[in-house]
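J.: Throw the hints in and build the complete structure from the sequences for me.
Protein chains in written order, with my numbering: chain A, 1 to 576; chain B, 1 to 254; chain C, 1 to 438.
Hints in this document: simulated from the structure, not taken from any laboratory.
Here a beta-carbon is modelled for each residue, glycine too, at the ideal position from N, C-alpha and C.
The hints are all genuine.
Here's a subset of chain A near chain B, in silico, CB distances under 8 Å, partners left out:
| no. | residue |
| --- | --- |
| 1 | Arg70 |
| 2 | Pro71 |
| 3 | Asp72 |
| 4 | Arg75 |
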Amino acid sequence: MKMIIKGGIVYDPANGIFGEEMDLCIDQGRVIEQAGGEVIDARGLLVMPGGVDAHSHIAGKKVNTGRIMRPDDSRLGTEPRSGVCRPSTGYTVPNCYAMGYRYARLGYTTAFEAATPILEARHTHEELAEIPIIDKGALTLFGNNWQVMECVRDKDIPKLAAYVAWGLRSARGYGVKIVNPGGGEAWGFGANVKSHRDNVPGFDVTPAEIIRGLAEANEMLRLPHSIHIHFNNLGKPGNYTTALETLELLKDIKPGRMRQVVHVAHMQFSAYGGTSWRDFESKAPAIADYFNTHSHATMDMGQLLFGSATTMTADAPLEYGNARLTHNKWSNHDIELEESSGVVPMIYFRKMLVNAVQWAIGLELALLVRDPWKTLMTTDHPNGSPFVNYPEVITLLMSRAKREAEMATLHEQLPNRTTLPVIEREMDWTEIAIMTRAAPARILGLTDKGHLGVGADGDVSIYSIRPEDVDAARDHALVKKALSSALYTIKGGVVVAKEGRILAAPEGRTYWVDATVPDADHDRLMPEIEDKFAKYYSVQLSNYAVQDAYLPSSRVIRAGLSVEPAKSARTLAEVA
Amino acid sequence: MRTVKLSPRAAFSISVEAECITPDRFAPLSLSEIGAQPVWLGNRVMHLSELFMVEGDDCTATAGDVVIQLMGDFSRVKRVGEGMSAGSIEAWGSVGMHAGNNMKGGLFAISGNADDWLAREMRGGKIIVRGDAGNYVGSGYRGEKCGMRGGEIEISGRVGAFLGEHLCGGSIRVQGDAGDFPGAANQGGSIFIGGSTYLPGAEMSKGTITVKGEAKVLPSYQRTEVVELEGEAYQKYAGDLVDGGKGELFVRAL
Amino acid sequence: MTESVMIKDAVCSFCGCLCDDINVEVAEGKIQRVRHACRLGSSKIMGHSRMQTPMIRKDGVLQPASFDEAYRRAAEILLAAKKPLLYGWASTSCEAQKKGVLLAEEVGGVIDTTATVCHGPSVIGIEEKGLPGATLGQVKNRADTIVFWGCNPVEAHPRHSLRYSSNSCGRFTEQGRAGRKIVVVDVRETRTAKNADKFVRIDPGCDYEVISALRMLVAGKGDVIVDTVGGALKADLAALAEMLKAARFGAVFFGLGITHSKGRYKNIDNALSLVADLNQHTKFVIMPMRGHYNVGGAGQVLAWSSGYPMSVDYARGAPYFNPGETAACDLLGRADTDAALIVAADPVSNFPRETAAALSKIPVIQIDPYENPTTLLSDVVIPCAIAGVEVEGTAYRMDGLALRLRKMVDSSLPGDEQIIAEIIKNIRELRQKAEGGA
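T.: Printed below as a string of structure tokens:
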């Protein structure tokens, strides 16, 4: 299918295009030099690559638990079936169909599930397969895994790398996710770790060692993405020190590809100062300072917005704390040998000082970090807010006037706890395109996404906004409206959404990573895995891995031995 | 005063959903426009007039001036009066589930019985039932912390289980017996039960429940003093202590 | 002469334990022997005499018909209905359940699972309180205190205690049974109770009060509690509370004894809160003992498709959920459904009599491998291949873990998924004809 998008004002930062009027051509699902075919008139309108969401909770046990325990949420956002659409339900925990349609309406064409335990990856893939339109992937949890901790204790990185490769293949996962390392295992008996230097009970390792070990293994395997980490002590006043110390741990790791060595999930929740909720304050400036002076780390915002949310995370002790604090219903799910998780509904209030400061912190982080390539725009859906509210976050970043209007409605002590009121910076379209398209793709290592160079996937979003005529800072309401419903969303050269209507719901692809390791390492690893299945797991090894049937449409990225070392002076050590 | 009369044309094999039957919806419409309002018979959309005879004053009015009279058996018609904010509905027989859902104001009088979920998530207004009502009178929706927040419900007969579950405000008076677990998880409001009931106020955190008949009381309620209400002696209890609740339960002392 | 093949690590498709260590010997296209399964699972896998031919009721009598005729007749019945009920789903694969949801959307019907007569109240309890749980392997590796409340796994889930609970061994539970305290709370002394360390007998219908009393004792507010609650002595309950608080890792398993006694979902609601309260003192999890092997899967499929795990009404195009109104028993009990499709369930046997009687007054389509009492009331009967024996598919264990069911032998019969797909195809054709033609 051929298509030519004419005359759009294109923002393709990955290819050095910052608002140029140009035509885009797509054929057979990819961007090409020239084409005829269907003509889409985009003259004067904002055109960007399709959005890429690098951190969202869109599929799997946690998400479904959220649905099951929240009929009060499922009854919101209800739409009957119509045209090519199956019914939609849910606001913070949408059903699978709504997930796909709503991302498409926003102009997003790729979204990644942030956290999947290997044992329950089959469920994640069942749900991913039900989400229409978008391409997707799922990060695999490793930070509380018994095999990982034993390899780290034994300082055997090659064996750890073999396990990571094996785990990714079993889970058909895309990358290494680490959540409250060590704390998830401690939660198995109701405890937690208080710092990344604590000993994990029963395992003789510290979270710091787990993190470094996994980072080394990640780079040894030359995985497309870096480790993706949710810090220990997330959500606690004063936790910014944990964030900085953890980042320091990793600055000497050599990346196996041309990218960061660590990506920080939802930085907002780990940028807290103060010693209690009473003197709670933002430490975004200190965090931003670190990101401004170091190049080994990237982050996503994890922006909080007022109103309803559903918190769901592998940080189970955090969720238990949330539930007790807010007297809320609480789901918990610990996964044998691997992880923990929790789900708790939440409401964020303007007049609650703590929530107001949290809201400010996310924005501060993005505005104070100079390089937009380091900061992704996310809300840690649905923890900070559902992703349908992304246009709200974007307009807050682009308009100081909007920020000021918002702050006027919040708790009056806010200016004492955050520097947001004095920040003048207003992001422009190039920076937004970087934070929502080019950077997430690069950070994830998705070479065909987030840009519109020849050969890229034909994923394009066109908005009813004229970037050359509109003052985004002043007319933020117009901008928000335009971003909430793309004029056209094009996926693989097919118009999937037009002015809010879903026109086509093709199946998206699931990305996963297949990394090869030396046979010797694999052979040393397997007896330990077999032993764990014989003694500890409640399922048989032969039934563990995700079978082909669960990936009807996939794209495999090779890594490990089959990949060339990074072409730079900073190549890594020989693979053992 | 504008009166509109509805009567079913036949008995309904499948329940009907007719949330358009409210003074607010009818007020600005002519009789034939009222007849053209959509109602659902299972998965079939139909016009109101296909299932009901529509008669009465053919003039527009404000919602507050509209009286809707339901003549005949509406026991299989659901969601009548949903969201109404003014005016009145007089049901001369029984009504189906979800009568007066989300009611905000006005008066809904039922001379027969009401089915389950009468006045779910009510906000204001008044409902009177001369017969009995079913389960979940004045309750909330599954998973919500708060159900009914305001308004008054008066029932002459008896009611089923879960009376006023998740009550946050407003008052409910039942002359007869109430089924199991009235006033469960309540955070406010008041419930009066003229007859007997079983395990009232389970996990109540605030609010008042008065039982004039007999009641099995939860072990997590603490007897406090005997008080006099309307000339009768009542044993007062504090609870539900299982969650540090500060509700008040009065059960007639015999 | 074919040699016998040993299929290892097959998944048993009988109960919520979903044991996946079953070895099945197949020869000459038939299952010869089943190893490691309990007698319930063995019996399921070995199978017994099956229906082979579709049937359509003509002149009051079920007569043989072709599959195509049966699909067409089923589609006609469902299309004509104003509120068709699609019920069952618990004993078939997720792949079939997904098609069931699509069918419900297409015909504007209500889809419900056997949870309605089983753990439906647990779902409602979870909607109030959430579910503080874990995978079964956590219990195996960590639990030193296990409570069975209103359930009798020795009889209903025979391999549960060895694989997952009382008699299992794990990393932190090397002593197995010897290192554990097993508690049973029930109205009578079951076989499970006889093997327990502590049995607390309570009066029928008193679970709610007993749990409230326990919660008070756990919270140190025992002064308010009187000497007997629900037939149990305060002293016994106080001892139980201390035992639970002293656990290193406690697990509560519960069943129909508590979901279907007086109080119903309030009982579960309170039990979930008890476990949440216990987490203030030590680690505790709770889990429903799901009966049918894939009722859990039906709940997961329905939830990700519609937002709700059971009793979903699509009559108005968008999913509506209100158990008490949209559950199978509600619709049948009120004669508020005019056609039923029964898949992988036997409501005539398992429902209260009046609701089963309601089935006799409406057209019924049955999809099942076996003849059962529901067959006698059916107007269209479609025999199917058995998921987990003859058809691959996905199922979810009682702790929410998904496993892939094997195909062990061939069958000439279509699977549920295929049958429902054919019915959907017929529905679309009939609809197109009605819209296109005059």
